[in-house]
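J.: For reference, the chains in residue letters:
2 protein chains.
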Amino acid sequence: MNWQEDTLYLLDQRRLPLAAEYKSCKTVEDVAEAIRNLTVRGASAIGAAAAYGMVLAALQSSPGTVKADLERSGKLLAGTRPTAVNLFWAIKRMLAAVTNQTDYQTICQSLRQEAAAVVREDVQNSKTIGRFGAALLPETVSVLTICNAGALAGTDYGTALGVIRAAKEAGKHISVYALETRPVLQGARLTAWELLADGLDVTLLCDNMAGCVMAQGKVDAVIAGADRIAANGDTANKIGTYSLAVLAKAHQIPFYIAAPTSSIDLAIATGKEIVIEERPAEEVTHLAGRRIAPENVKVYNPAFDVTPAQLISAVITERGVFRFPYEGKFAE
Amino acid sequence: MNWQEDTLYLLDQRRLPLAAEYKSCKTVEDVAEAIRNLTVRGASAIGAAAAYGMVLAALQSSPGTVKADLERSGKLLAGTRPTAVNLFWAIKRMLAAVTNQTDYQTICQSLRQEAAAVVREDVQNSKTIGRFGAALLPETVSVLTICNAGALAGTDYGTALGVIRAAKEAGKHISVYALETRPVLQGARLTAWELLADGLDVTLLCDNMAGCVMAQGKVDAVIAGADRIAANGDTANKIGTYSLAVLAKAHQIPFYIAAPTSSIDLAIATGKEIVIEERPAEEVTHLAGRRIAPENVKVYNPAFDVTPAQLISAVITERGVFRFPYEGKFAE
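Read top to bottom, the protein sequences are chains L and P. Under this note's numbering, the residues of the first sequence are numbered 1 to 332, in order. Under this note's numbering, the residues of the second sequence are numbered 1 to 332, in order.
Treat the hints with caution; some may be incorrect.
No distinction is drawn between identical chains; accordingly, a pair holds when it is met within one copy or between any pair of copies.
[Claimed, not checked] Straight-line alpha carbon distances no greater than 30 Å define the calculated DSS-like cross-link-like pairs of lysine-lysine that follow:
(1) 329 <-> 218
(2) 272 <-> 249
(3) 272 <-> 298
(4) 272 <-> 218
(5) 172 <-> 298
(6) 298 <-> 26
(7) 26 <-> 172
(8) 23 <-> 249
(9) 218 <-> 249
(10) 75 <-> 249
Hint data in this document are derived by calculation from the structure and do not stem from the laboratory. Bear in mind that the values here come from a model prediction, so they are computed numbers and not experimental data.
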């Protein structure tokens, strides 16, 4: 993700790892579409993209209409994807940054600074999360992860993958099982790609192999990211995370969530209140543009699931490591 | 699977559901290759194909060498895939059918009859399994299945899908969740296709969605097939079956294995002795000929896993329904 000359350049995650192409966003509408169509995905990354989307909204606007345009643009961006809370958090933060401002140029400048701060803090938070998480891992460790809670899901370094990177930097012998993560294959396409690029020892698995490798004693810890964490610790993350948590418990393997506190939504008591996005059937029935299932088959395609707090060994944030029961602890 | 004019015609399961093409096998080598490359797959189907492979071996042979050629062909066929026991069972059965015969024409004729009997009994067994299994299901039921233990995996009707078909025929209101079953997508390509063709209510899921739909209370029973069942009930089946069994137990959902007794291997005490086939990395890294993962990524691709007997609510066979503990019961 690059911001240059009032344009947001997003690495098109749909094309990775076959092609590394940047898409340029010159309007807030461009950013909204990029979030909706998964050009940019991952909780922190869509938050940061939305922050720059708000900058673009102001730049497109005019002195007389900027406040109203920002309100409208905030709603446009918020309507792109319903589950990850970082999106709403970033929009609110951008609006709050200019609440008391009236001068158009000052508003534009404040929004530019705030978006840059969102990105800068995201990188710092990821490194802190990485350090806290790495400390939980033994010296020699095999970690299993799902989806891509990596540099590509944020602005750099990553949360779950930040823990893995920090463990390596701390000299630990770490190897990684990356679940391919159907239907969009963020694990196969993104996690495997970015960990290989960093010289990490990564083995790709289909999602349905997780239980098998756990039973073989090959997994010491599971680390996943989060799209939204309720006040009680229930966590929405990529579909399949819940199955992993159940399997980890059955095999007595610690199951960690690594996420910035911007992923915590204290406004909701439990995971029951989290809206789970259902995505188009074509994500399941087609792959790389080719049909892989019969026509007219019904599909259920929830993009996320909710893991109950009691299955989560710890939530690793930039403010520290929290352990069950989580009620009241996040707010301290 | 059709046998006509001394040629075995196999519906090419790699092309389904996009194309329904038959591959003709005129030699035992053709059959061995068809089993190896998954033109034909499914425990009962590869057993039946191997039976006809033995017929072809005899027809290719000559009066003086037929017995030696059959021995050699049996080894060739047995070397194609290591996990499903039906393959070895069918080869042994074909050899046993001609043990006491010496006349070449009689041997060929006996083998033809024995192969036809293997197919005929497989269909009968599937219908019986279906009837026994359907009786275990409530009047309105939502069943989740993995891979394809259907008509395509046998010679007709199917085992796990036979139970589903029989439940429908018995007037039960049955709906099905079919897991797509990575990496080869037998669920998406074959199960969804054959159940849709039979007018069943089927919803396609990615494998990592199983836990989510169970937690939502949408699954009343899990039914899977088997590639090999040890004397104690431990069952090898398509990779992902073990994860499903753990998830079913966590959600107090009955988990059934439906398989003919030819899938039971009394020669092995437990699942630890079952050889698990590892298949090429390309099954995971490529889809429909297209790369979906970065180059040089390591892959672990076990085709099967082993579900411990204590996670299996019942084993449904043509000889009846067996329940844990299974030791000694299969042999009665």
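J.: Each of the hints needs a verdict: does it hold here or not?
T.: For each hint, the structure was consulted:
1. In this assembly of identical chains, the alpha carbons of residue 329 and residue 218 never lie at most 30 Å apart, being 33 Å within a copy and 33 Å across copies at closest.
2. When the C-alpha separation of residue 272 and residue 249 is checked against a cutoff of 30 Å, the pair qualifies both within a copy, at 21 Å, and between copies, at 22 Å.
3. Taking identical chains as interchangeable, the C-alpha atoms of residue 272 and residue 298 lie at most 30 Å apart only when both belong to the same chain, with a minimum of 25 Å there against 38 Å between chains.
4. In the homo-oligomer, the alpha carbons of residue 272 and residue 218 lie at most 30 Å apart only across protomers (16 Å), although the nearest pairing inside one protomer, at 33 Å, exceeds that limit.
5. Taking identical chains as interchangeable, the C-alpha atoms of residue 172 and residue 298 lie at most 30 Å apart only when they sit on different chains, with a minimum of 20 Å there against 46 Å within one chain.
6. In this assembly of identical chains, the alpha carbons of residue 298 and residue 26 never lie at most 30 Å apart, being 38 Å within a copy and 39 Å across copies at closest.
7. For a Cα distance limit of 30 Å, the shortest separation of residue 26 from residue 172 qualifies neither inside one copy, at 43 Å, nor across copies, at 57 Å.
8. Proximity of residue 23 to residue 249 under the C-alpha cut-off of 30 Å is found in neither arrangement, the shortest distances being 41 Å within a copy and 46 Å between copies.
9. Proximity of residue 218 to residue 249 under the C-alpha cut-off of 30 Å is found in both arrangements, the shortest distances being 15 Å within a copy and 22 Å between copies.
10. Proximity of residue 75 to residue 249 under the C-alpha cut-off of 30 Å is found in neither arrangement, the shortest distances being 40 Å within a copy and 43 Å between copies.
When the structure is compared with the earlier hints, violations turn up for hints 1, 6, 7, 8, 10 and for no others.
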